[in-house]
Every structure is written in C-alpha cells, then in structure tokens.
Amino acid sequence: MKARIHITLKKGVLDPQGKAIAKALSHLGFVGVEEVRQGKYIEIDLAGSDTQTARAGLDAMCAQLLANTVIENYSIELDA
Amino acid sequence: MNSCVIVFPGSNCDRDVAVALEASSGTRPRMIWHGDSELPACDLIVLPGGFSHGDYLRSGAMAARAPIMRAVVAKAKAGTPVLGLCNGFQILTEAGLLPGALMRNAGLKFICRDVFLRVENNYTLFTRGYGPGQVVRIPISHHDGNYFADSATLNRLEDTGRVAFRYCAADGLINADANPNGSLNNIAGILNETGNVLGMMPHPERLISHELGGSDGRAMFDALTALVQCA
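If you read the protein sequences in the order shown, they are chains P and A.
Counted from 1, the first sequence has number 24 at position 3 by this note's numbering; the numbering is strictly sequential.
Counted from 1, the second sequence has number 283 at position 73 by this note's numbering; the numbering is strictly sequential.
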C-alpha cells in the first residue's frame with residue numbers, strides 16, 4: 022500500500038516562506054495569487070493489506086514524528 | 211558538579227558548552243552519545259546547539275526521538291535541571307518538555323550576531339546570577355528561532371513567570387525592532403512548569419570570557435555550579 026501524507030501549517034500560524042513564494046510569483050508576473058502556504062508531502066510504502074491497521078499506524082506516525090501538531094495539521098491518503 | 215552534555219550527530223556547540231561548564235565548575239562534563247539509552251547520575255543535563263540530523267523534517271525532530279531522550283525526559287520529570295541551548299531548545303519543544311515550537315525566522319535568513327536580552331525572571335536555577343531586568347549581550351546563531359505558541363499557552367507562560375529571556379534593545383526596551391526572528395512577545399527563552407528545564411535560542415556558552423569578546427554568558431554556568439555545591 023502507498024500512503025500519501027500532506028502536512029500543512031495550521032490556520033493562524035504565520036508562513037514567511039509562503040509569503041516569499043507569493044512575492045516571487047508576483048515578480049514573475051503571475052496575477053491573482055492571493056495567498057501561498059507551503060507544506061510538506063511524504064510518501065510511505067507499507068507492507069500488508071489491511072487499510073484500517075495501516076491508517077491507525079499512519080495516524081500514530083504523524084502524531085509522533087511526521088507532523089508537529091503544535092503548528093501543523095496532517096492528512097492521510099491511502100491507496101490499497 | 212556532575213553534568214552531562216548530550217551529543218547528537220550534527221551537534222556543534224557540545225564542546226563549547228563543555229568548556230563553559232568546566233570553566234565554572236572545575237569538572238569536565240560527561241559527553242553522552244545520543245544512541246545510548248542510560249544516563250549516569252548527574253546534577254545537570256545540557257542539550258547543546260548545532261544542527262542535529264541536519265535539521266531533517268524539522269529542527270530537533272529526529273534528535274527528540276533519539277534513544278537517550280527517554281532517559282532525559284525521565285530525569286527532567288524527576289527534577290534534574292535540563293538546559294537546552296539553540297538546537298537544544300528546539301529538541302526540548304519537539305520532545306514535549308517545553309511548550310510551543312520554533313519556526314523559520316520571520317525574515318527567512320540565518321542570523322548570526324550578538325543580540326541584547328532582558329532577564330525577565332531571575333528567580334530560576336539558571337538565571338539567579340543576573341539582576342532583575344538586567345540586559346545582557348549574547349550571540350544568536352540560528353535559522354529556526356521564531357518562537358510560536360497558541361495564545362492560551364502564551365498567556366500561561368506570561369502569567370506564571372516562565373519567560374526567562376526576551377530580545378530587547380541595548381537599553382532594555384522590548385519592541386519589534388529588537389526582535390531578530392519574529393518570536394511571539396520577543397521570547398528568547400522559556401521555562402517548564404516546575405522551573406527545572408530552560409530552553410533558549412541564544413548561546414551563553416559562547417561568551418564566557420573577555421578573550422571570547424564578552425562574559426555575559428558566564429553567570430548562567432556559575433549559578434548552576436553554585437547551586438549544586440550548596441545542595
């Protein structure tokens with residue numbers, strides 16, 4: 022199974038890198054960019070085929086290491 | 211004083227802080243590798259500055275899950291003083307020993323220069339060598355020192371005297387111009403609830419004698435040494 026994990030900054034947490042990217046996009050002439058938020062994307066290949074067990078494991082991985090839940094949210098997609 | 215300095219792959223201020231501890235106490239600290247799982251009996255644990263594990267994932271994230279950290283957390287909870295400097299502060303937040311998080315500097319630049327700090331609480335194991343509100347000059351050297359905590363946590367820290375140091379101007383004034391990295395409330399260092407864990411982004415171990423350009427950091431190590439000799 023392949024898991025795709027997106028980690029994003031929580032609402033209200035300042036993202037200076039996102040702001041710098043938005044500025045660079047405007048320097049390139051792209052118009053209409055209202056806000057950019059930068060995050061992380063992690064792929065994990067998992068053994069086994071039980072999606073429920075996999076999901077519980079991935080949730081624990083995110084909470085314990087992959088995301089810092091003080092500042093970040095995470096979402097998990099799982100391809101069986 | 212028996213102190214332990216934890217060494218992670220990528221620590222680079224471990225020897226600096228060992229020199230500072232030995233200068234104040236006369237005793238060389240034990241250097242403990244991150245892969246060990248037990249700590250010897252000690253009066254102080256220091257998590258040094260550096261770039262443990264190359265700052266992969268988040269600064270301090272990998273180091274906080276190293277085998278030795280279980281022992282560090284257990285000792286901290288049992289009351290052993292723990293000092294985290296720079297990357298050590300990041301590791302303490304990642305390990306859950308201190309609240310909040312250290313994010314990318316608001317100006318996105320790595321900053322390496324001396325800053326002024328105001329001692330906000332000098333009734334602590336670490337800061338009692340300083341006067342109340344004393345302004346000290348200490349270097350910072352970091353990319354991720356922008357302290358963030360949710361407003362409830364921030365209020366709790368402020369209301370209970372757990373902000374140990376704040377970035378300030380030379381005259382002690384706290385304002386946005388004196389804030390190098392965007393930290394909320396100009397916070398440079400905080401304490402845990404029981405006052406035995408201090409995390410700070412600045413590097414007191416780098417200014418312990420006039421030959422190094424200043425000695426404002428020395429009082430912290432002298433205070434920690436004196437504490438143990440009294441005990």
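Because the hints were derived from the structure by calculation, they are not lab data.
Please note: incorrect hints may appear among the correct ones.
Simulated pairs of lysine-lysine, DSBU-like, Cα-Cα distance not exceeding 35 Å [as the list claims (entries may be wrong)]:
id, chain 1, residue 1, chain 2, residue 2
1, P, Lys40, A, Lys319
2, A, Lys287, P, Lys44
3, A, Lys319, P, Lys31
4, P, Lys44, P, Lys31
5, P, Lys44, P, Lys32
6, P, Lys23, P, Lys40
7, P, Lys44, A, Lys319
8, P, Lys32, P, Lys61
9, P, Lys44, P, Lys61
10, P, Lys44, A, Lys285
11, P, Lys40, P, Lys61
12, P, Lys40, A, Lys285
13, P, Lys40, A, Lys287
14, P, Lys61, P, Lys23
15, A, Lys285, P, Lys23
16, A, Lys319, P, Lys61
17, A, Lys319, P, Lys32
18, P, Lys61, P, Lys31
Now for the hints, and whether the structure bears them out:
no.	hint	in the structure
1	Lys40(P) / Lys319(A)	holds, 14 Å
2	Lys287(A) / Lys44(P)	violated, 45 Å
3	Lys319(A) / Lys31(P)	holds, 22 Å
4	Lys44(P) / Lys31(P)	holds, 21 Å
5	Lys44(P) / Lys32(P)	holds, 20 Å
6	Lys23(P) / Lys40(P)	holds, 32 Å
7	Lys44(P) / Lys319(A)	holds, 16 Å
8	Lys32(P) / Lys61(P)	holds, 15 Å
9	Lys44(P) / Lys61(P)	holds, 20 Å
10	Lys44(P) / Lys285(A)	violated, 47 Å
11	Lys40(P) / Lys61(P)	holds, 16 Å
12	Lys40(P) / Lys285(A)	violated, 41 Å
13	Lys40(P) / Lys287(A)	violated, 39 Å
14	Lys61(P) / Lys23(P)	holds, 16 Å
15	Lys285(A) / Lys23(P)	violated, 39 Å
16	Lys319(A) / Lys61(P)	holds, 20 Å
17	Lys319(A) / Lys32(P)	holds, 23 Å
18	Lys61(P) / Lys31(P)	holds, 13 Å
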